[in-house]
Amino acid sequence: MTQGNEFLRGRLLVVAFEGWNDAGEAATGAVQLLREQLDLVTIAGVDAEEYFDFQFNRPVVSQDDEGNRALIWPSATIYGPASTEVDNIPLAADAELRVGSDNTGNVFLLVGAEPSRNWKKFTVEVLDAAMTAGVSGIVLLGALLADVPHTRPISVTATSENASVRSQLGIERSTYEGPVGILSVIADAAEALGIATVSIWASVPHYVHNAPSPKATLALIDKLEELVDVVIPRGDLVDEASAWESGIDALAGEDDEMASYIQQLEQARDTVDSPEASGEAIAQEFEKYLRKRGDGRPDEPWRPGA
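For the sequence shown, UniProt numbering begins at 1 and goes up steadily by one.
Simulated from the structure, these hints should not be mistaken for laboratory data. One or more hints might be untrue.
Simulated crosslink set (EDC-like; lysine to aspartate or glutamate; CA at most 20 angstroms straight-line) [said to hold, decoys possible]: (1) K120 to E226; (2) K121 to E172; (3) K120 to E266.
Pair by pair, the computed Cβ-Cβ distance ranges are [what the hints assert, rightly or not]: (4) R35 to G194: 24 to 32 angstroms; (5) V124 to D256: 50 to 58 angstroms; (6) L193 to D256: 53 to 61 angstroms; (7) V185 to D256: 39 to 47 angstroms; (8) D229 to A192: 23 to 31 angstroms; (9) P59 to H209: 23 to 31 angstroms; (10) F54 to D229: 16 to 24 angstroms; (11) D239 to W20: 52 to 60 angstroms; (12) S246 to D128: 15 to 23 angstroms; (13) T175 to V124: 35 to 43 angstroms; (14) F56 to Q32: 39 to 47 angstroms; (15) R69 to D256: 30 to 38 angstroms; (16) P59 to G134: 31 to 39 angstroms; (17) D270 to G194: 38 to 46 angstroms.
Owing to the predicted nature of the structure, the values given are computational and were not obtained by experimental measurement. For each residue, glycine too, the CB sits at the ideal point set by N, CA and C.
Turn these sequences into a full structure, and let the hints steer you where they fit.
Set out below in structure tokens:
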């Protein structure tokens, strides 16, 4: 068995955090969809007092169906299969969600708010819990704001620091340099412990950064399904993604400058995606696009004086 197959067939922890790593709530949306579909139980949590600044990640109050009010504190939780014993058992109670026979009972989730402090200690605690559960691979989901048009397929990149996994899955090593979030810290520590990781990031149009992006969530789900070999029912996500795109179309239809800006993004994207595009042509087109835009990128660059 190849190492790439071993990665896919081992126990996998799928990770997403709210905040800096989660543009359009796309990454946490994908993991929450998995949590709804899979038969999972809580296997570990962290002490909120230890890792969160409550002035930054505030607790929220909510009411249940009976009108009882309760505080919900920022947290990060690991969920694991309720049963991991036999092959060919569906993980979903309704039997609509099945994984390959080698993957049954092997999907774990970590989701929560990005911690405000003590990242090294947080990472040790999370990886200790993962190793105790027998996790052998980690898939980290993220989403970033980017100069991309909402009218085209959401760009999704998958990378890994593990050479064997890159070879078997046909993905690249990241060349990014700059500030990172907790996902990168967990990936670095996991690789040091011999736990292979894959990072999957979606690009969310920055001009709609204030709203959840179901289209980006759907793109992450598609890529996750491809890599993890698990069939994930989409529920209403496809319709929500279509409605999201139509809503932005309607806004652009009432704003000529916004529509013109989106058209520029579409032209740049289509140039990059064209079969005849060479690396040099792509670079030249990108440089031309940047010159048109000028330095800096306000939230709504098509608005004069923004």
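Consistency of the hints with the structure:
| no. | hint | in the structure |
| --- | --- | --- |
| 1 | K120 to E226 | violated, 31 angstroms |
| 2 | K121 to E172 | violated, 29 angstroms |
| 3 | K120 to E266 | violated, 41 angstroms |
| 4 | R35 to G194: 24 to 32 angstroms | holds, 27 angstroms |
| 5 | V124 to D256: 50 to 58 angstroms | holds, 53 angstroms |
| 6 | L193 to D256: 53 to 61 angstroms | holds, 54 angstroms |
| 7 | V185 to D256: 39 to 47 angstroms | holds, 44 angstroms |
| 8 | D229 to A192: 23 to 31 angstroms | holds, 26 angstroms |
| 9 | P59 to H209: 23 to 31 angstroms | holds, 24 angstroms |
| 10 | F54 to D229: 16 to 24 angstroms | violated, 39 angstroms |
| 11 | D239 to W20: 52 to 60 angstroms | violated, 29 angstroms |
| 12 | S246 to D128: 15 to 23 angstroms | violated, 46 angstroms |
| 13 | T175 to V124: 35 to 43 angstroms | violated, 28 angstroms |
| 14 | F56 to Q32: 39 to 47 angstroms | violated, 21 angstroms |
| 15 | R69 to D256: 30 to 38 angstroms | violated, 47 angstroms |
| 16 | P59 to G134: 31 to 39 angstroms | holds, 33 angstroms |
| 17 | D270 to G194: 38 to 46 angstroms | holds, 42 angstroms |
The structure is inconsistent with the numbered hints 1, 2, 3, 10, 11, 12, 13, 14, 15, although it conforms to all the rest.
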